[in-house]
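Novice: Following the hints, complete the assembly by docking chain B onto the known chain A.
Residue numbers (full-length UniProt numbering), protein chains in the order written: chain A, 1 to 359; chain B, 1 to 359.
Be careful, since some hints might not be right.
Repeated chains share a single entry, so a pair holds when one copy, or any two copies, can fit it.
[What the hints assert, rightly or not] With a straight-line cut-off of 25 angstroms between C-alpha atoms, the simulated SDA-like cross-links for lysine to any residue are:
# : residue 1 : residue 2
1 : K94       : Y156
2 : K149      : G26
3 : K94       : M1
4 : K94       : L50
Since the hints were derived computationally from the structure, they do not count as laboratory data. Computed from a predicted structure; not experimentally measured.
Number of protein chains: 2
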Amino acid sequence: MQCLNVDLGDRSYPIYIGARLLEGPGLLAPHISGKRVCIVTDDTVAPLYLPALETALAAYQITRVVLPTGEAFKNWATLQQIFDALLGERHDRKTTLIALGGGVIGDMTGFAAACYQRGVNFIQIPTTLLSQVDSSVGGKTGINHPAGKNMIGAFYQPQAVLIDTSSLQTLPEREISAGLAEIIKYGLIRDAEFLDWLERNMASLRALDSDLVTEAIMRSCAIKAEVVAADEREGGVRAILNLGHTFGHAIETHQGYGSWLHGEAVGAGMVMALDLSARLGWIDVQQFERGRRIIAAAGLPVAPPESMTVDDFRRLMAVDKKVLDGQLRLVLLRSLGEAIVTADFDTEALSACLAGAQS
Amino acid sequence: MQCLNVDLGDRSYPIYIGARLLEGPGLLAPHISGKRVCIVTDDTVAPLYLPALETALAAYQITRVVLPTGEAFKNWATLQQIFDALLGERHDRKTTLIALGGGVIGDMTGFAAACYQRGVNFIQIPTTLLSQVDSSVGGKTGINHPAGKNMIGAFYQPQAVLIDTSSLQTLPEREISAGLAEIIKYGLIRDAEFLDWLERNMASLRALDSDLVTEAIMRSCAIKAEVVAADEREGGVRAILNLGHTFGHAIETHQGYGSWLHGEAVGAGMVMALDLSARLGWIDVQQFERGRRIIAAAGLPVAPPESMTVDDFRRLMAVDKKVLDGQLRLVLLRSLGEAIVTADFDTEALSACLAGAQS
Chain A
1 MQCLNVDLGD
11 RSYPIYIGAR
21 LLEGPGLLAP
31 HISGKRVCIV
41 TDDTVAPLYL
51 PALETALAAY
61 QITRVVLPTG
71 EAFKNWATLQ
81 QIFDALLGER
91 HDRKTTLIAL
101 GGGVIGDMTG
111 FAAACYQRGV
121 NFIQIPTTLL
131 SQVDSSVGGK
141 TGINHPAGKN
151 MIGAFYQPQA
161 VLIDTSSLQT
171 LPEREISAGL
181 AEIIKYGLIR
191 DAEFLDWLER
201 NMASLRALDS
211 DLVTEAIMRS
221 CAIKAEVVAA
231 DEREGGVRAI
241 LNLGHTFGHA
251 IETHQGYGSW
261 LHGEAVGAGM
271 VMALDLSARL
281 GWIDVQQFER
291 GRRIIAAAGL
301 PVAPPESMTV
311 DDFRRLMAVD
321 KKVLDGQLRL
331 VLLRSLGEAI
341 VTADFDTEAL
351 SACLAGAQS
Chain B
1 MQCLNVDLGD
11 RSYPIYIGAR
21 LLEGPGLLAP
31 HISGKRVCIV
41 TDDTVAPLYL
51 PALETALAAY
61 QITRVVLPTG
71 EAFKNWATLQ
81 QIFDALLGER
91 HDRKTTLIAL
101 GGGVIGDMTG
111 FAAACYQRGV
121 NFIQIPTTLL
131 SQVDSSVGGK
141 TGINHPAGKN
151 MIGAFYQPQA
161 VLIDTSSLQT
171 LPEREISAGL
181 AEIIKYGLIR
191 DAEFLDWLER
201 NMASLRALDS
211 DLVTEAIMRS
221 CAIKAEVVAA
231 DEREGGVRAI
241 LNLGHTFGHA
251 IETHQGYGSW
261 LHGEAVGAGM
271 VMALDLSARL
281 GWIDVQQFER
291 GRRIIAAAGL
301 PVAPPESMTV
311 DDFRRLMAVD
321 KKVLDGQLRL
331 VLLRSLGEAI
341 VTADFDTEAL
351 SACLAGAQS
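The following block holds chain A by itself, in its conformation from the complex (with noise of 0.2 angstroms):
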């Protein structure tokens, strides 16, 4: 088992990675405060993984909300029934909420935890490889409204995240891709060893390799405590995180929630990132093609769907939260390691890379 200590203040928390780390009490129990807790999980994983946490939680008095499964049930509906259950049982602010579950579960836990009785304890248990290198960190927690993603929530922090690196053997191929997708981010912004690393075990990343995984998903959630812990509720330098996530935005919008994976969007939108870069001259044609290259060899797409157009994305860009008064402000790329957050750059060379998407 590795231990990595996000640095937040008096909102800092430890991250346990390893495998089978579900089965024992002993992680989690530090991090109870009451003898309650509401364990939040949906009906995809609940069969899964459920049985296990809850014998590892005999001691406690559990509440259990299972969920239906996925993106479209990411709304205040879902989440009233996380209130609903808690205030039913009578949970007091004394309760911790567990999150069970993928980014989405994740996600409505955070959220209900923040708001529950004004905010109260909860712990991070993501079963996806996405939500496990991109969720453990960062403390955002939300819903959808039907005009937006992620448009309602909070920034709240976790007590603890358990990541048991076991669960991904149950995820379907396409989704250990879409989670490298998020991996080979942190290489593209902060660390070119890291995506050199990347570049030499991506194939038995893919074959979940526990010791590598392990590897992986602590150097990610690393790279991004280092980030978040410079700009926590994300003013400045945290917005590199999205690099890729603009394009990505557009195009999970334009092909309807849960058609594309959002890490699959995310692959092909930082193609378009590195593309772009390119146009600008800021890497050279050698380092778009190998950052294409680390992409293709995750099992992503590289190329945004045939049916978008140009009009397409810049109608789905303008609505995006990097958005401030009306200017679109895109994560490219200075090196392959290197992000920065920019407004300033040549729209031409913007038109050109979305019409050269479409090629």
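Specialist: Just chain B now, with coordinates in the frame of chain A:
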């Protein structure tokens, strides 16, 4: 005009208090960072003060949200109207929400600001005496759930609070008394000298003498700010601000929200807390009588509704947010001017207090 700084480190903010403050933009402008604002108010306050505020903010692009009036609408569906307006008009993270109204508007607007895109700026312009001395300090925001008041919310601080005492001129007399209940509370829990001052000036305060009202609001906010600064997230001493509230909430719930005003229920609840403190021998009967006299002089009820039984109280008090691990904690008085929070009281004295309240 007076100005009080609420000292919460990087979440510190000023409270401006005085007559006719709403008419100039000078106080607001430094606290609005973007070009856009969203004014949230209700259909009672809008015709009275919205035009003046819009004139003062003519330099900004304004979105208006006029909600139905009253506690019955302090719920998710109404909150959603704020999000719909913000997203419908594409407000980004630099927007500023402005709450113009009483406590319900302040709580909902603050919660909307806490959640919209995970947090945007907001300014409070409380127009009732109760909200001026209660919601101005403390950062409590939220909505009701069918199973309980204020069960969903956040601690979230405004950029500034503007208290225009002229807005009290349109307030019904009953609501002035309700505000005085919270003002008396500050004297009872923390400041015997302020309680003396209130006792001497009660008639002039009820007649809305401008200088005296400004002074009373200023001192109330200062006491609350001092308590909140010591305990922003209500771990300990902050709970003394709930003097009379556990009894009061039971009264409100029993009567149905809106039948008794919150301040009226707190008035009767404080008399019950004084009574229990006397039964426990912590204050003498003269102090109890004096406390009750001051509350009566403010035009407040000094006993719960006759229809409420001891069982009603016990059942309704069991869901109070101050219940921890099943144990009821109450705010009681060691003297007029000194409150404590305790679960360590003789339960027979509580029974006698509840029974006595009905006699």
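Novice: Take the hints in turn and mark each one as holding or not.
Specialist: Status of the hints after comparison with the structure:
1. K94 <-> Y156: both (16 angstroms within a copy, 20 angstroms between copies)
2. K149 <-> G26: neither (36 angstroms within a copy, 36 angstroms between copies)
3. K94 <-> M1: neither (29 angstroms within a copy, 42 angstroms between copies)
4. K94 <-> L50: within (22 angstroms within a copy, 41 angstroms between copies)
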